[in-house]
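Chains as they are written, first to last, in this note's numbering: chain S, 3 to 270; chain B, 1369 to 1831; chain V, 130 to 575.
Hint data in this document are derived by calculation from the structure and do not stem from the laboratory. Hints should not be assumed to be uniformly reliable.
What the hints assert, rightly or not - In silico BS3-like links for lysine-lysine, alpha-carbon gap of 27 Å or less:
no., chain 1, residue 1, chain 2, residue 2
1, V, Lys470, B, Lys1724
2, V, Lys241, V, Lys226
3, V, Lys204, V, Lys216
4, V, Lys226, V, Lys240
5, V, Lys379, S, Lys35
6, V, Lys453, B, Lys1825
7, V, Lys241, V, Lys274
8, S, Lys111, V, Lys453
9, S, Lys117, V, Lys240
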Amino acid sequence: MDTLVDNIIAEASGKEANIKMRCRDVSVFYAEKQALNEVNLDIKPKQVTALIGPSGCGKSTFLRCLNRMNDTIDICRVTGEILLDNEDIYDPSIDVVDLRADVGMVFQKPNPFPKSIYENVAYGPRIHGLARGKAELTQIVEKSLKRAGLWEEVKDRLDEPGTGLSGGQQQRLCIARAIAVSPEVILMDEPCSALDPIATAVVEELIDELRQNYTIVIVTHSMQQAARVSQETAFFHLGNIVETGSTDEIFTNPKDPRTESYITGRIG
Amino acid sequence: MPSTALFVLLVFSLIAFFAARSKAFAVAGDHIGELHSRPIYHGAYTTLTILVPGIIFWLLWNFIATRWISASISSQFSETLSSLTLPQQEGFIRDVMTLASGGVATFVDETKITAAQMVAEIRSRQLWIGGSILAALSVVCCWFAYTRITLKMRARHRVEQLIRIMLIVCSVVAILTTLGIVFSLIFESVRFFGRVSFLDFLFGLHWSPQSAFEGAGSEAISADNSKVFGAIPLFAGTLLITFIAMCVAAPVGLMSAIYLSDYASQGFRRIAKPVLEVLAGVPTVVYGFFAALTVAPAIRGWGESIGLDVSSESALAAGLVMGIMIIPFVSSLSDDVINAVPQSLRDGSAGLGATKSETIRKVVLPAALPGIVSAMLLAVSRAVGETMIVVMAAGLAANLTINPLEAVTTVTVQIVTLLVGDQEFDSAKTLAAFALGLILFFITLALNIVALRVVQKYREQYD
Amino acid sequence: MTDIAPENMGDGTTVTRLRHHSPERRARTAKRFAAERRFKYLGLSAVLLAAAFLVLLLWTVVGNALPAFTAHYVKVPLDLTTEKLTKENAADFNYRKIVRAGFGGLFPDVKKRREKRSLNKLVSSGAAIAARWEVSDNLDWVGTKAEVLLPLSDTADLYFKDLLGDLSRPESERTISDKEIAWLKELDEQGRIERTWNTIFFSNGASRESEMAGIWGAVVGSFLTLIVTLALSFPVGVAGAIYLEEFAPKNRLTDLIEVNINNLAAVPSIVFGLLGLGIFINGVDFGWFTLGGGSPRSAALTGGMVLALMTLPTMIIASRAAIKSVPPSIREAALGVGASKIQTVFHHVLPLAMPGVLTGSIIGMARALGETAPLLMIGMVAFIVDIPGSLSDPATVLPVQIYMWADFPEIGFQQKTAAATLILLGFLVLMNGLAVVLRSKFERRW
């Protein structure tokens, strides 16, 4: 396993410029319990990286480290180094608020604010002062909804509450909301787990499109989904990264026996 | 005009807000995204930098100013003051203050006018000095914040830090209240126990504070005062009335809770629950009126009709009505407790062929016992601290009796009687009220702590 | 009723293979069901008893209150032609003599001093004041002779309301003499007695004369007091709740605050009165420094401060519950787009918790409105005739007014007390109703 890590590091340092986020020895502790054990991972720009693994393996925990959502949990402690464009995001001089504007997040269950569709999308740009005046804000809202593939469905009812949309629409609204602050990385925590298959297909398609503009990290429990949407895959097991690599490779030719048994359905 | 100064400060800080905001816009220019904090936060930061020190200074200054004035009065007019009694001194100072602020005092004489003139003079000087310092302070603070508006300045952090501090202060108010209660009670009680011995108070059998000797030289014969502040009759009276109240409230409240949670139909419950809630929402003074107007005469008439001698302010009447007041309290607490007993226990009992009442009596109630006990303790603490019903329906005479048809008095009644009306604040009588309050506070506190502990243990058992 | 199978086969010869079909067993089961029924009826009667108490309570209040909402007036011819009375001084003039002369003129036969005095007692001693109000409202009466409605004394009023008890008792046992009854009858026959809505009751402050006593002063006092209470306890309570629910780290201090709030909620209200008296009014004297002190006695300001401390725990507990019910996904959503913790709370959590917070506050305010004991401690029990105009004016509140009137022996005050109680209950019903509406309208189920 050490050699594996060394390989990754060697590989990574070779293509420094081609790495968006770089995680070194990331460990997470909940009180005394260790949830993540010295994880190393490089996330490539404008690609979809899937984090897979059995439940409780720490993939969500890791995802939440990437925009410091773990800060909201009192007993949670993170060690190691996570660089975003070569800047340590856990550096005291970094403002989490700015960080989360750069690294947006979409959650497992769609969680629109109980406000209008417009307000949902406009909230982010507003608190970050991204728009000068109403017209510009409306522009941002429109652009984000278009990118999230929701515009055609909601353009006539922007004043209606976002909670009134269907589950799939709500999740795309949450994606639009994340896009609206023009992040560079979007983290998605099992974004389709609460959706029906049709809505899932739409969201997956959207993720594929978003790749053109954003770096995406997605946690999923569905290997099919990982295979469908991602280019890179990292397999987590019991708080460790067992294997990373291109999705094709991991799914067709896993190096680690654990990965293989997970993919073929023996553990999970 | 202290408030005018604050108003001016407020206006100034508001102007500073807009100035700072537009400066932030100017600094950012076209790159509004470069600004760490949005302009509104720069504005708010500047405003707060002016307001917070300003207000703190002004409060301190006012505190100093009042001390300054009273110090000057007592030094300049020490002769006049020394010839007056304590309440007269207070009256003198109050009159002087009223005159100085242009009001009309009841009795005006030469000295008061001179004193008032002096006070007015000092005040205007204070306003001048304090106002100048305040103005200087504000300008410095404003300059400090304003010059710091840059792209990198973390105005939002500072503003949020301050909001956080204010939130903390608000949550600490609850602790300060408790401290305030304990402080005021203990402080006055200590003074009381300086005059009346603690043991005489706690174990004395005779309570008649109206006959306490007051006035000059009262300290010399405080031994006699000790004899009239024996609180046992009050405790006995409180216990008697509480006991009667619980005799009413415990069975009725508990049985209603059982009936409503296990027997009543949905429709019946929908009517009965609000009835109990209304009963809980009726102000205690209304219960007191009800007790005095309806219940007490009824009990008296009933007693006389069977040849009993019933006092018109009997413990029975007060206890009965207090019991009614506590019924909803007992029933809602018991309801929670009974509902917390897991359904599996009931199912187990029913599965053995027990009837509903057998299940309730043999399984649910024993399982819920700790919770019910704590509900009863809380109800007792309610009854002990209840004031208005007993003030209006129980008597003032401190009889040491367990006959519910006689008049008894309670701790709360005596606190009210000792403190209502124009009394000299320093007398043993008023101080006794605080001593009683202290005891009341600790008894109810102990009951609550024990009850909450018991209920917590009980909850853990089933969670 | 599933465990007995009482198929009575009629002749008793049927097979009873099951144990519980034995006669002993069946008797026992019947007994158990009798006990079951008894228990059930015991529960039912407990509920009904509580309901009966409520009905009796309301009956007493309403029954006594209704007569107080109307009052009897007598139409008295007033001679307003005296030169001393002008339109300018009509609002300050003393109408006592004019009223006496006018009322006395209705009974020209009454000559003796003693009789005259008892005759004059039939009109309220506040009649002169009532005349002043009437004349200054109708200035064109000045210089003419006008028929003016003046309040009767409470005894006369109660006589017409038939509330003086059995009038066939001997004269010495009654509060009204035969002669007075005769005079009142005569006035009634002349058509001079009118029963109207009791405006005095709704517009006056306190008075020793029951017919001149009103609750307006107490209503205004209650209003001012509650404003202070709300202004202090609402922001502090909500802010405290926000801190404890959203920011507070789990440590000793927050545990202490929690326990403390729970206990504070159960401290007898009278103790808060002692706190108000000891700290707000008198101050704790440490020699070199006085903690607190200087608050005005009997004032709405001090009363409001005391009630604010009293309602604070309720406020915090209710607000915390409301804040807690906002699902964490909303917080995550806001944090996820880069809102700061404070922005998350003030932009999203608090607005969503607001209906719950408001409901809790209204219920807390309702409790404060009905509170009496702590206000007695800080002197709001003083006899105050004037309507309070500011927060530092001496004032009284509705429940204290009820307490004071309940102490007066006159029958007239008994009705006033009940009427004031009814009004207090009315306000409480309004407030609680508002809370219920708010809850059902805005409550969000997550």
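List, from low to high, the hint numbers that the structure doesn't satisfy. 1, 9
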